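Using the sequences and the hints given, assemble the complete structure.
2 protein chains.
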Amino acid sequence: MCQLLAMNSKNPADIGFSFTGFRARGGLTDSHTDGFGIAYFEPTGLRLYCDDHSAVESPLAELVSQTKTRACNVIAHIRKSDDDLLCNAHPFTREIWGEAWVFSHNGKMTIQEALNGDPVPNDHHQNAACHHCPIGDTDSEFAFCYLLNQLKARFDSKPDEQTLFNFLKNQCRFLAQFGIFNCLFSNGDWLLSYANTLLFYVTRQAPFSKATLIDVDSQIDFAIMNDTDDVMTIIATTPLTQDESWQQLAVNECVIFKNGDIVYQDMPNPPEYLSIEEGLEIAQNA
Amino acid sequence: MCQLLAMNSKNPADIGFSFTGFRARGGLTDSHTDGFGIAYFEPTGLRLYCDDHSAVESPLAELVSQTKTRACNVIAHIRKSDDDLLCNAHPFTREIWGEAWVFSHNGKMTIQEALNGDPVPNDHHQNAACHHCPIGDTDSEFAFCYLLNQLKARFDSKPDEQTLFNFLKNQCRFLAQFGIFNCLFSNGDWLLSYANTLLFYVTRQAPFSKATLIDVDSQIDFAIMNDTDDVMTIIATTPLTQDESWQQLAVNECVIFKNGDIVYQDMPNPPEYLSIEEGLEIAQNA
Numbered sequence: 062m063c064q065l066l067a068m069n070s071k072n073p074a075d076i077g078f079s080f081t082g083f084r085a086r087g088g089l090t091d092s093h094t095d096g097f098g099i100a101y102f103e104p105t106g107l108r109l110y111c112d113d114h115s116a117v118e119s120p121l122a123e124l125v126s127q128t129k130t131r132a133c134n135v136i137a138h139i140r141k142s143d144d145d146l147l148c149n150a151h152p153f154t155r156e157i158w159g160e161a162w163v164f165s166h167n168g169k170m171t172i173q174e175a176l177n178g179d180p181v182p183n184d185h186h187q188n189a190a191c192h193h194c195p196i197g198d199t200d201s202e203f204a205f206c207y208l209l210n211q212l213k214a215r216f217d218s219k220p221d222e223q224t225l226f227n228f229l230k231n232q233c234r235f236l237a238q239f240g241i242f243n244c245l246f247s248n249g250d251w252l253l254s255y256a257n258t259l260l261f262y263v264t265r266q267a268p269f270s271k272a273t274l275i276d277v278d279s280q281i282d283f284a285i286m287n288d289t290d291d292v293m294t295i296i297a298t299t300p301l302t303q304d305e306s307w308q309q310l311a312v313n314e315c316v317i318f319k320n321g322d323i324v325y326q327d328m329p330n331p332p333e334y335l336s337i338e339e340g341l342e343i344a345q346n347a
Numbered sequence: 062m063c064q065l066l067a068m069n070s071k072n073p074a075d076i077g078f079s080f081t082g083f084r085a086r087g088g089l090t091d092s093h094t095d096g097f098g099i100a101y102f103e104p105t106g107l108r109l110y111c112d113d114h115s116a117v118e119s120p121l122a123e124l125v126s127q128t129k130t131r132a133c134n135v136i137a138h139i140r141k142s143d144d145d146l147l148c149n150a151h152p153f154t155r156e157i158w159g160e161a162w163v164f165s166h167n168g169k170m171t172i173q174e175a176l177n178g179d180p181v182p183n184d185h186h187q188n189a190a191c192h193h194c195p196i197g198d199t200d201s202e203f204a205f206c207y208l209l210n211q212l213k214a215r216f217d218s219k220p221d222e223q224t225l226f227n228f229l230k231n232q233c234r235f236l237a238q239f240g241i242f243n244c245l246f247s248n249g250d251w252l253l254s255y256a257n258t259l260l261f262y263v264t265r266q267a268p269f270s271k272a273t274l275i276d277v278d279s280q281i282d283f284a285i286m287n288d289t290d291d292v293m294t295i296i297a298t299t300p301l302t303q304d305e306s307w308q309q310l311a312v313n314e315c316v317i318f319k320n321g322d323i324v325y326q327d328m329p330n331p332p333e334y335l336s337i338e339e340g341l342e343i344a345q346n347a
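Chains X and Z, in that order, are what the protein sequence lines are.
Sequential numbering of the first sequence, starting at 62, is according to our numbering.
Sequential numbering of the second sequence, starting at 62, is according to our numbering.
Possibly wrong hints are sitting among the right ones.
Just so you know, same-sequence chains aren't split out, so a pair can sit in one copy or run between any two.
Here are the computed lysine to aspartate or glutamate pairs in the DMTMM-like style, where the Cα-Cα straight-line distance is at most 25 Å [stated by the list, open to error]:
no. : residue 1 : residue 2
1   : Lys-129   : Glu-174
2   : Lys-129   : Glu-222
3   : Lys-129   : Asp-144
4   : Lys-219   : Glu-103
5   : Lys-141   : Glu-160
6   : Lys-129   : Asp-304
7   : Lys-129   : Asp-145
8   : Lys-219   : Asp-179
9   : Lys-141   : Glu-118
10  : Lys-141   : Glu-123
11  : Lys-319   : Asp-291
The set of hints was computed from the structure by calculation and includes no laboratory data.
Note that the structure is a prediction, hence the values are computed from the model and not measured.
As structure tokens, this is what we get:
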């Protein structure tokens, strides 16, 4: 199992503080050491780093820590698996409709077996050469390709965001039937978060306060870092700070963040919430 | 205009020495300062770095210089253009047939205008949602997408290498009609080099000798670095060392390297060769 981190921000912002705590879980405070990656949607393009080294040891992760990269959407991933192949490191990216879309997954699924290793919608096999296929051998990249192939099969051009949300929400609920499926998904405009077991978020905005990391002895005063106009949401598998009020996404809740806030949201009624202990135990036994 | 660098090697090798000389052209000995990128096909996956900073100033390029990354195929690019957008930094990558393919281009083309901004073969518009589209606005990425769309339109699955070579050779000659088109192309197994103006290569194998960079005061003894079994070819826009015998590719020559050697080769008869001065002047006036 892995852990997820993301940021969606109104203005380009530096995820450095949150990343410092997250990175520690890649070998210091937790054992997600089988790879690391981060994708920044900068104002002029996608910056994507993937490494087969752990976040604690990776020279790329050290570069990330030392560089104040500002972006409106960021997705990061620390991996815990049976292998540390570079081709299996998240986040994954593909071009669709002339945009770079980025995906990370936390969980363990039997989707490859269920679909006989074919990430293509059943009734669209005539366009065999056109489909996205996984490069590595993870269930995660397979699910990403499946989602993109479903999108391409259903829509000739990029649909509006409400349509996209409804479609992806249903597709994520379909995928969640085959195991554990927490995911982050972005095209640089919006950030979709789907929780199947554990996913928390905190929105930081004026009046900004101080925050203290859980995994590393580090505190920050966001009032110094930000303008009153700034709004940003951090999403993580479990809370990264001890003195902010993190909100939990319900089991099978789907949310799209934009400009730092929730713009689309759908959860089962009544919502169900796992405790962190339950969620981590499910992951460990998966 | 830009400059290209590549390596094709029998065994995973470190391109560091050649990169040191190449990097200097990104701001020290030449002015290709509008971005930099490098793609390594490592044994377990693709490692791709792109930056909107110059190779001389980029922290990523510094990381590349300090890290002995070993790969059988490497493509690097330093950019000189009217913009330094991150989305326009080479090399570009797309997944095709479950493989990551990587492309870099040196030149200036009117291909977008010639094809009315549509990187899709004429008779395959029915599969509109399936096509690769450029994310940035370069002629280079447009040409890359055009090549991939042509491949997908022609072949349902990956063809054998002889067929692929013949097909890509003809496609490259088609593209070269629309301006200057030097390119490097790899799927990690083979490296295709197409010369339209300037492209040189040198093959290093036993008995290995010493080499001295042109752009930086640095010498190396390849006999110390390599085993007698090693064979590697370095390809560059212009020679990087002063004491090795670099071979020039002819105008519109197409070559595929594999395991450090040429395996497919086709050039016009009689071959034409530009002097470095002629080639650089054509590039400057393009």
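These are the hints, each one checked on the structure:
no. : hint              : result
1   : Lys-129 - Glu-174 : neither (42 Å within a copy, 38 Å between copies)
2   : Lys-129 - Glu-222 : neither (30 Å within a copy, 44 Å between copies)
3   : Lys-129 - Asp-144 : between (31 Å within a copy, 22 Å between copies)
4   : Lys-219 - Glu-103 : within (21 Å within a copy, 34 Å between copies)
5   : Lys-141 - Glu-160 : between (29 Å within a copy, 24 Å between copies)
6   : Lys-129 - Asp-304 : within (24 Å within a copy, 42 Å between copies)
7   : Lys-129 - Asp-145 : between (27 Å within a copy, 19 Å between copies)
8   : Lys-219 - Asp-179 : both (23 Å within a copy, 17 Å between copies)
9   : Lys-141 - Glu-118 : within (14 Å within a copy, 34 Å between copies)
10  : Lys-141 - Glu-123 : within (19 Å within a copy, 29 Å between copies)
11  : Lys-319 - Asp-291 : within (13 Å within a copy, 52 Å between copies)
Checked against the numbered hints given earlier, the structure breaks hints 1 and 2 and satisfies all the rest.
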